[in-house]
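Chemist: Chain residues, written in single-letter form:
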Amino acid sequence: MAKQTFTTGQVLTAAQMTSLQQTAMGGGSTTAKTTSYVLTAADAGTVVQMNAAGATTITVNTGLFAAGDTVQIQNIGAGVCTVTAGTATVNTVGSLALSQYAGGDLYFNTTGAAFLYGVDSAAASGGGMTVLASGSLSGAALSLSSISGSYNDLQLVLRDFYPSSAAGISMVVNSISDYNIIRNKLVAGTITQDGYTANSAFSITYDNNINTADNNSSAIIDISDYASSVNKNIRTTVSYTNSTPAKVYNTVIGNAVMGAAVTSITVNLSVGNFSGGTYILYGVK
Amino acid sequence: MTNPNIKIHNVETGEVIEREMTDAEFAFYTQVNQLPKSE
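Chains as they are written, first to last, in the numbering used here: chain Y, 1 to 285; chain V, 1 to 39.
These are calculated hints, taken from the structure and not from any lab test. Using N, Cα and C, we set each Cβ at its ideal position, and we do this for glycine too. Just so you know, not all the hints are guaranteed correct.
As the list claims (entries may be wrong) - Looking from chain V toward chain Y, a few residues come up when the C-beta cut is under 8 Å (computed):
| no. | residue |
| --- | --- |
| 1 | Ile-6 |
| 2 | Ile-8 |
| 3 | Asn-10 |
| 4 | Val-11 |
| 5 | Glu-18 |
| 6 | Asp-23 |
| 7 | Phe-28 |
| 8 | Asn-33 |
Whole structure, please, built from the sequences with the hints as guidance.
Modeler: Below you can see the structure in the form of structure tokens.
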């Protein structure tokens, strides 16, 4: 139940006792929200549950809560809900951006300083990987934008992809069109290698002939030191079934000549649309 | 004639949209979407 001020001689009702018991067990009355919300004093001791398809925020201001107050924050919607410091300060060990089914307890250490703890989607602190984005492949291209520079490396994994027409896949970081690359492929026991190619597009598949059936194709794209101001080393490994059909294993290694941090990665089909497949972008510490 | 669709996933906000490429995006898509020149 919401925080109450009990007075001497007041009769505690059965409903209040039941609600108090529920709150003491870590639950409590839930306030459902579908749009961005600013916490009020009446939220102390309750659960604020966001359910929105798009991105939302829950803003925390100072002077509303007493030291020791708690508000449980939950996000059950598909859109990321970000706990945002308004006039109060909010700290956490992980991320204040809560993905679907993530949540945590907002504990007020003072009236103006809160900690969000018990966060399910904690970012990796060292030697680990954090899922930054995931979803289904569709359309002719996928662009992952607004990538923060908080990690050492990026890894983009494409799984079970297949196109509507025999196609290849190329990639782009930011708006860089020229890459220096070396490629090779293994098909039916035969290795084909290219020498160094400068100022090239970065096709991660050796040929533009991915089979249109679901053959469990997969690709991994690694970008080292993506947030640095030096050229970016990019390594890609792909296994797919071509239109023959035969299994193709290929690698493409190269670099992007650029002085800025990588803030977006785009993968393009050479023709047609993705008929299936998923993507996961990891930040690597 | 319509341009191909692009899915854009904003990593910071989690917002995902899919829409037709603009003409500028399609021109860049065509430019970078080719096999290496040694082919």
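Chemist: Could you work out which earlier hints the structure fails to respect and list their numbers in ascending sequence?
Modeler: 6
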